[in-house]
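*Asks:* Construct all of the structure, not just a fragment, from the sequences and the given hints.
One line per chain: the protein sequences are A and B, in this order. Here this note's numbering runs 183 ahead of the position in the first sequence, where the first position is 1. Here this note's numbering runs 322 ahead of the position in the second sequence, where the first position is 1.
Note that these hints are calculated values from the structure, not bench results. There's no promise every hint is true.
Claimed, not checked - Below are the DSS-like pairs computed for lysine-lysine, each with C-alpha atoms no more than 27 angstroms apart in a straight line:
| hint | chain 1 | residue 1 | chain 2 | residue 2 |
| --- | --- | --- | --- | --- |
| 1 | A | Lys200 | A | Lys267 |
| 2 | B | Lys346 | A | Lys267 |
| 3 | A | Lys311 | A | Lys267 |
| 4 | B | Lys424 | B | Lys346 |
| 5 | A | Lys238 | B | Lys424 |
| 6 | B | Lys346 | B | Lys330 |
| 7 | A | Lys267 | A | Lys238 |
| 8 | A | Lys200 | A | Lys316 |
| 9 | B | Lys346 | A | Lys237 |
Stated by the list, open to error - Rough simulated footprint, nothing fancy, chain B against chain A, three-plus residues with beta-carbon under 8 angstroms:
| hint | segment |
| --- | --- |
| 10 | 210-219 |
| 11 | 334-341 |
Even glycine gets a Cβ: it sits at the ideal position worked out from N, Cα and C.
Given next are the chains, with one letter for each unit.
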Amino acid sequence: MIFLTVGTQFPFDRLVKMVDELVASGVIEDEVFAQVGDHAYQPRSFQAVASLDKKAFDEHVHDASALISHAGMGTITMAIDTAKPLLAMPRRKRYGEVVNDHQVAIARQFERLGHLLVAYEPEELAGKVRLLKEFRPTPRQVEPEAVARRIAEFLNGLSASAAP
Amino acid sequence: MTKSQRFKICLAASAGGHLTQLLKVSGCVKGRDVFAVTTSDTVRRTLTGMGEVYVVGECNRDHPLRVLAVLLRCIRIVLRERPAVVISTGAAHGCLLCFLGKITGAKVIWMDSITNVDRISLSGRMVRFIADLFLVQWPELAQRYRGVEYIGSVI
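*Replies:* What follows is the structure, encoded as structure tokens:
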């Protein structure tokens with residue numbers, strides 16, 4: 184099953200419609216399930232719901248063989264954390280899908296690091312979907328503890344000098 | 323007055339990704355006297371254990387009146403709590419709190435969000451001039467901006 188999720192805050196009908204067409208035309212053969220948000224385009228070729236609670240969402244991620252989504256940071260980190268192959272399409276300002284094109288920059292950076300596949304333009308989607316099955320995302324190195332230590336050191340320096 | 327009461331730390335992060343990233347490093351304030359300022363009531367529970375939680379509402383530069391309302395709420399919070407340090411990941415209200423903190427003598431720590439890949443956020447670019455510790459999550463940004471540190475990414 185491919186899980187298509189575009190967040191619940193704003194619709195991303197452009198992507199949902201494209202995936203709908205790819206399923207209808209047989210380019211996507213897998214079953215697709217989607218979370219599309221409120222007042223969104225309803226696909227004809229697969230099942231979609233407005234929103235899922237956290238538990239149901241996590242279950243769908245767990246069951247999915249691959250994910251398709253916008254290039255939102257929440258979805259990207261979730262895909263990396265669960266080691267799921269993700270095909271992301273950035274929301275674009277020119278279609279009124281987002282206030283600026285930061286998702287393009289995020290997508291480019293994480294694509295460069297091998298964490299996900301990206302379709303920047305609609306015509307790339309079909310080709311990238313075919314690569315998704317074989318795609319193995321590069322695990323990501325994060326160092327929250329090291330960053331926290333740096334801040335803690337800084338605070339220790341301050342509170343030591345503030346002590347009587 | 324105990325020592326901890328005189329060394330209050332303000333944690334400022336908007337609901338969503340900014341807060342997620344701040345919570346990833348929240349171990350840095352373990353055992354310290356903290357309070358939190360966020361933008362939505364929906365994340366109040368996420369901040370359990372982070373001391374008093376203030377919710378000031380969302381604002382951005384496209385809505386100047388809302389910025390003003392948030393600014394007034396932040397002024398009241400800073401005057402009441404008198405933080406010794408403000409730690410923020412953004413967004414706009416975090417930027418306001420950093421400046422208000424600085425004016426009232428606090429040290430300012432900014433950690434720019436992971437989503438700022440090519441350049442530092444607008445809020446971050448302003449806070450950079452007053453920050454005492456400025457962290458970014460991409461090595462390229464530390465090379466591009468002076469006075470900016472890259473230790474690693476938190477997410």
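*Asks:* Is it true that the CA of A/Lys311 sits at most 27 angstroms from the CA of A/Lys267?
*Replies:* 15 angstroms, holds
*Asks:* With a cut-off of 27 angstroms on the C-alpha distance, tell me whether B/Lys346 and A/Lys267 pass.
*Replies:* 22 angstroms, holds
*Asks:* With the threshold set at 27 angstroms, check whether the alpha-carbon distance from A/Lys200 to A/Lys316 stays at or below it.
*Replies:* 21 angstroms, holds
*Asks:* Sort out whether B/Lys424 lies within 27 angstroms of A/Lys238, counting only the CA atoms.
*Replies:* Between A/Lys238 and B/Lys424 the Cα gap is close to 42 angstroms, so the pair fails against 27 angstroms, i.e. violated.
*Asks:* Given the hinted pair A/Lys267 and A/Lys238, is their Cα-Cα distance within 27 angstroms?
*Replies:* 17 angstroms, holds
*Asks:* Using a Cβ cutoff of 8 angstroms, are there at least 3 residues of the segment 210-219 of chain A near chain B, or does the coverage claim fail?
*Replies:* Contact hint for the segment 210-219 of chain A vs chain B: violated, 0 residues under 8 angstroms.
*Asks:* Holds or violated: A/Lys200 and A/Lys267, Cα atoms, limit 27 angstroms.
*Replies:* Holds, at about 23 angstroms.
*Asks:* Would you check the hint for B/Lys346 and B/Lys330, treating anything up to 27 angstroms between C-alpha atoms as holding?
*Replies:* Roughly 20 angstroms between the alpha carbons, so the hint for B/Lys346 and B/Lys330 holds.
*Asks:* Is the hinted pair B/Lys424 and B/Lys346 satisfied, with a Cα-Cα distance of at most 27 angstroms?
*Replies:* Holds - the C-alpha atoms of B/Lys346 and B/Lys424 are around 24 angstroms apart, at most 27 angstroms.
*Asks:* For the pair we were handed, B/Lys346 and A/Lys237, check the Cα-Cα distance against 27 angstroms.
*Replies:* 20 angstroms, holds
*Asks:* According to a criterion of three or more residues whose C-beta lies within less than 8 angstroms of a C-beta of chain B, is the segment 334-341 of chain A covered?
*Replies:* holds (count 5)
In this structure, the earlier hints numbered 5, 10 are contradicted, and the remaining ones agree with it.
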